[in-house]
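Please take these sequences and the hints and turn them into a complete structure.
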Amino acid sequence: MRITELLTKDTILLDMSASSKPEAINELVNQLSSAGKLNDQTAFKQAIEAREEQSTTGIGDGIAIPHAKTSAVKDPAIVFGRSSDGLDYESLDGQPTHLFFMIAASEGANNTHLETLSRLSSYLMDNQFRSQLESAKTKEDVINAINAKESEEEKVEEEHESTSGKILAVTACPTGIAHTYMAADKLKATAKEMGVNIKVQTNGSSGVKNRLTKEEIAEADAIIVAADTKVDMDAFTGKPVIEVPVAKAIHEPKELIDKAVRSDAPVYQGSGKSTDSSEEKGQRTGFYKHLMNGVSNMLPFVVGGGILIAISFFWGINSADPANADYNRFAEMLSIIGGGNAFFLLVPVLAGFIASSIADRPGFAPGMVGGLIAVTQTVEGAGNGSGFLGGLIAGFLAGYLTLLVKKLLEGLPAVMDGLKTVLLYPVLAIFGTGMIMLLINPALTSVYTWLFDLLDRMSGSNLALLGLIVGGMMAVDMGGPVNKAAYTFGIAALDAGNYTFIAAAMAGGMVPPLAMGLATTFFKNKFTKQEQETGKAAYPLGAFFITEGAIPFAAADPARVIPSMVAGSALAGMLTMLFGIGLRAPHGGIIVAPLVEGGFSQVLLYLAAIIAGSILSAIIVGFLKKDLQKA
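Under the working numbering, the residue at position 619 of the sequence shown is numbered 703, and the numbers go up by one with no gaps.
Calculated directly from the structure, the hints in this document are not laboratory data. These numbers come from a predicted model, not from an experiment. It is possible that part of the hints are untrue.
[Said to hold, decoys possible] Quick list of in silico lysine to any residue cross-link-like pairs, SDA-like style, CA-CA up to 25 Å:
#: 1; residue 1: K272; residue 2: V292
#: 2; residue 1: K272; residue 2: D316
#: 3; residue 1: K620; residue 2: I703
#: 4; residue 1: K223; residue 2: D145
#: 5; residue 1: K323; residue 2: E300
#: 6; residue 1: K608; residue 2: I703
#: 7; residue 1: K338; residue 2: L392
#: 8; residue 1: K338; residue 2: T274
#: 9; residue 1: K283; residue 2: N294
#: 10; residue 1: K250; residue 2: E303
#: 11; residue 1: K338; residue 2: P384
#: 12; residue 1: K153; residue 2: E191
#: 13; residue 1: K613; residue 2: E174
#: 14; residue 1: K343; residue 2: A302
#: 15; residue 1: K613; residue 2: S103
#: 16; residue 1: K93; residue 2: E137
#: 17; residue 1: K250; residue 2: G170
#: 18; residue 1: K153; residue 2: D169
[Claimed, not checked] Label-pair ranges, simulated between beta-carbon atoms:
#: 19; residue 1: V292; residue 2: N402; range: 54 to 60 Å
#: 20; residue 1: E277; residue 2: I301; range: 53 to 59 Å
#: 21; residue 1: A273; residue 2: I674; range: 32 to 38 Å
Beta carbons are placed, not taken as given, at the ideal position from N, Cα and C, and that holds for glycine.
Printed below as a string of structure tokens:
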């Protein structure tokens, strides 16, 4: 369907008389009604106003696209309006709006209608096309400009379909919250600008979306895998595959797409192998990638189990103990679920998924067994297990030992393939991993116990310095490897019975979004309206310990924003250490603040540390950024 089937002469206003946003909406709705496109003019206007209350449809660059999908629309239509003088439509860039496209979609609008409306939005990003609309003398000029633009785009699409082929991509990050979707959006937007066909699968926290099919993979020229965690690659065997960190897709999408179009990539052979052994510059493989696969799969156990344990303390710190006067049966049940089961599985799950990242499925069972030995083998005089240290070593040991087993059994007849998977791999790999862990775990336990005894004995300036480092690391890349390293250290300390480091990590992680919320509130002249809206959303993200809420600001202005955030996060981490804040919940932000050990006064000190860090970062970023008028 062409746009001019929805936009006709009777829905064009070349000289709008409106001088304000409400007047503009009235004038455009009246035009639609006069053209016979509405069932209920009042209901449609209410739907338009309801959409504007959510966020302005003034997208900037002098354009507004108010729209609504409602049963008040009789026939899907577009009304075009033009204001020569411009008016204040509360646009995101704060500039006057001259061109208006009000979209009326009926309740039963099919995909064809919706795709047409979406296509119009993309055309309006073309400066030359907008200039033609601004200078149009007649309604026919408007329609001719739109038809010409559509014909031009159709020709470009045909050319690209015959020359550029099809590119596929997968994006994934350890938490699957922010980087996964930012990378996907950047690849799609850049591919569209380049005229390249692309489909992007996102492996996010809520599951796989836009999954690539076997047929699409078979037809693809190349596949981009932008991931910092494990991605199932077997389906890509025989195809050119470009493997890079997820951040590279955000910052260098054009280079990746260019390379994919040329099929300039090693051919993936399965089991982690390609025809080219050289690694992509900056690619996170090896230790980091395997570790992040373990950490990302461990996080649900950390969050769920840790918070349930912390909630059980509402009835008293010993309320789960039947022998204690504060005993509460519900608190005991929470403790059993969270601590006796979910939290107990942290290290085995970490080890299991590290091993499976290295050796695929055959590595999972030996990794789990090795991790279980790490936390359950009692060592007299040295503690009850090697904790995270043992889990890390068990994961890598199991993974590479499984690869060795697979290599040794490669020469067996093909008829034994089924037996290898269900019998030989698990028996030999579990045996080998278990025996080695039983031999080395006593020494690992001694080292682990010594390390955390040393941390427990620290005080004063040493402790403050550690808090400063842990807090600051949380803001360096806001969800990236440095952030995850600090958070994982906090979890390891929590598992070892030290509750101060996770408090410092959480405080440091809450600061960046809160600080950007404050900065956009109190230094409005330094941020666009869109950034101010993003700043409002950053408040709840920061409050709930989602550091990624500050990423849009850091990506737009890293030189000013990142150092500012690190300073405030470091201050928050240092203060929590100086105040002796202990927290047994590993996630949750403001929700778990009341669970800080030591009573109400310690809760206030913890909140004070977070607020102090947020204010410091907000002031620094406000000082460093220039006024928009001067920029």
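Violated hints, by number in ascending order, as checked against the structure: 7, 11, 16, 17, 18, 19, 20
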